[in-house]
Amino acid sequence: MAKILLVEDDELVRDMLAQVLKKASHEVTCASDGEDAAKVLQQVRPDIMVTDIIMPKKSGITLISEVKNRHPDMEIIAISGGGRLDPIGYLDLSENLGASVSFEKPVDNTALLMAIDLLLQGKKKVDA
Amino acid sequence: MTTGILRQLKKNRHAYVIALLGFLVSLGLFYALQIQEERYILNLAQLGIETIDTHIQAELNFNAHILKHVADQTLRVDDQPAKVRSLVTDLLTTYPQILALLEVNYNNKINWIQTKKEASVYKNVVGPFLQANSGSLLSRHSLWVSSPLNLPDKKIALFMVLPYSAPGAQKNPAASHYFIALLDCRYLIHRNAQLPGMVFKVYLNLQPITPSEANSHDQHWLFGVSKTLYSALWQIRAQEVTINLGIIHLISKEAPLSWMTFILGILISILLARSTALSDLLKERTIVLDQINQDLKSEITNHIQTEASKKNLEKALLQGQKLQAIGTLAGGIAHDFNNILYAIRGYIELAREEIPKDEITYKNLGKVLEATYRGQDLISQILTFSRRQQHHEFIPLSLKTEITGALALLRSTVPQSVELDFHAATEGKIMGNKTQIHQIIVNLINNAVDAMDGEGKIDLTLSQIPATEIQGLKISPLKLNNYCRIEVKDTGHGMDQSTMDRVFEPFFTTKEVGKGTGLGLSTVHSIVKDHLGEILVNSQIGKGSTFTIYFPEQEPLKEDQTHG
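In the order they appear, the protein sequences are chains A and B.
The letter at position 111 of the first sequence is residue 111 when you use the numbering used here, and the numbering goes up by one with no holes.
The letter at position 370 of the second sequence is residue 370 when you use the numbering used here, and the numbering goes up by one with no holes.
Take these hints with a grain of salt, some might be off.
Stated by the list, open to error - In silico lysine to aspartate or glutamate, EDC-like type, Cα no more than 16 Å apart, as pairs:
#1 B:Lys11 - B:Glu284
#2 B:Lys367 - B:Glu393
#3 A:Lys58 - A:Glu27
#4 A:Lys23 - B:Asp496
#5 A:Lys22 - B:Glu354
#6 B:Lys322 - B:Glu505
#7 B:Lys363 - B:Glu353
#8 B:Lys400 - B:Asp496
#9 B:Lys10 - B:Glu353
#10 B:Lys10 - B:Glu284
#11 A:Lys22 - B:Glu353
#12 A:Lys22 - B:Glu349
#13 A:Lys23 - B:Asp459
#14 B:Lys367 - B:Glu353
#15 A:Lys23 - B:Asp280
#16 B:Lys543 - B:Glu469
#17 B:Lys400 - B:Asp377
#18 A:Lys58 - A:Asp73
What the hints contain is simulated information worked out from the structure, not anything from laboratory work.
Assemble the whole structure, with the sequences as input and the hints as a guide.
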């Protein structure tokens, strides 16, 4: 059970993921892009942020680097359908910027949930 | 100027030598033949003189015999001219040598003439003869032979004069007379005779005999004719007697053999020299022409090669641009497509969780999921292709090791009925990306398996091609380097030319829908290009295809530096 911020510009994917995460008994807050996410973060303080990379207004890459600066202890999971910023892939970049795990779309949801659980366990250990 | 002449001389030296040799040979032949001819002529002359001797002797002996006979007869029939004449007529018909017989009295008057022809013909000759010799005829007491005479009928004759004194002539000088026989002369020929052929002169020392001598021989010649006649004949002084010798005519006058040979020799020499000069010139020209021909050929070859490599370059450039454009496009599409697929899959999974597993809807949704997996595979291939410019770590690797590794993974997917052989003649050290090399092998083997409809043989070979040989291959633009060659040869159904031309094009596939994406070989192509290599395809319908890949070999020196 965790507080999760889901950032995804594609409504279909966002809704679907929200359902999946909720079904797994997580508390989900949604944002439609990087800017929206930044606003949400001023009010909410999630344990984990799951974010897409390629988004309008503010990209996932910028969001990750900002979030890591302000909330270094927040776990971040990056997901992307592809795309590149030569010579490094976006997902590689996001991991370099501080994302704990990254997934390529289409994501295996079971693996995603498993990763969230693992991150939460790690967090608990650190907290303890 | 001088050097020009010398050069000319040197150039035509064969011709000059031949001309000189020809001239010398001709000259030698000329002299040799001249000597032979002179000898021959001399022999003939000798022979001629001997022949003349014999014949003149025989002829005159005979004629003297006739005249004696006439004289004897006329003696007996003296004062009976009619009888004498009939006798003479008989003689004329009996002896063909006698052309005419005349009786001349002491006044040089022709008493009668008996002839085989008209008397006038001989009178014209005999008349002047008698006048010219009027003084001497009667003073002679013995047989006397005149110089040869030309007769109007082109005959040559001799006068044979026999002075005769009838009994009682001393009292009556009118009784004295002489007989003249005009004899056909076949052997003694006057030099002025207009006869054809070469006239060869024979000088006979003939001396007229004196009356005293004649007297002393009087009895002798009357009864021993031959001896007297012989001496008489040979005493005709300095008479020029000519002989017609036909064979000498041929050799010496019109066209002497020696001269003919000489001139012919010179002509042949000139012809030989000319032809030698021409053949020398021809040889020279042929060499020049050959050289020109060679130059032209190599120029044409160069031109064709340049054209070909230009075309190859253009093709490669076009292909490269096409691939890049498609790659970029595919990359963009793939990103959106992944989102869509993700949404579909996520919702299906959510939906299925609400449905009991034994319901038909659950199973049907499972099929939809399967379809999304296939879609995901396709997108993954498109992305692989579009990411060909992605940075891949290139490390020194052994193609042999990588291929062996890839094959180990592949064997389980290749049907048992397909034979798969790998032969490595070299280690194949290159700078490359392991994953990509794997991908190449997997794609090529899968392609070969698909081409064979589940049965056949795949031969995979790895070999080294020296830099010197790579230049001869129709691939460009390869730099000067040793190359590693991977050959994948299948016994599948092969391809036609148009398929071969498009085989590396993205999304081009001959496989049935759903079986191939049309990206396998274009991915291979991209990877090979990333490795600065070259890929070629060769195929024959019904016999199979061969894909050949060239990778620049990692230079050992560089490897040492890297490791050092």
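Hint numbers contradicted by this structure | 2, 3, 4, 8, 9, 13, 15, 16, 17, 18
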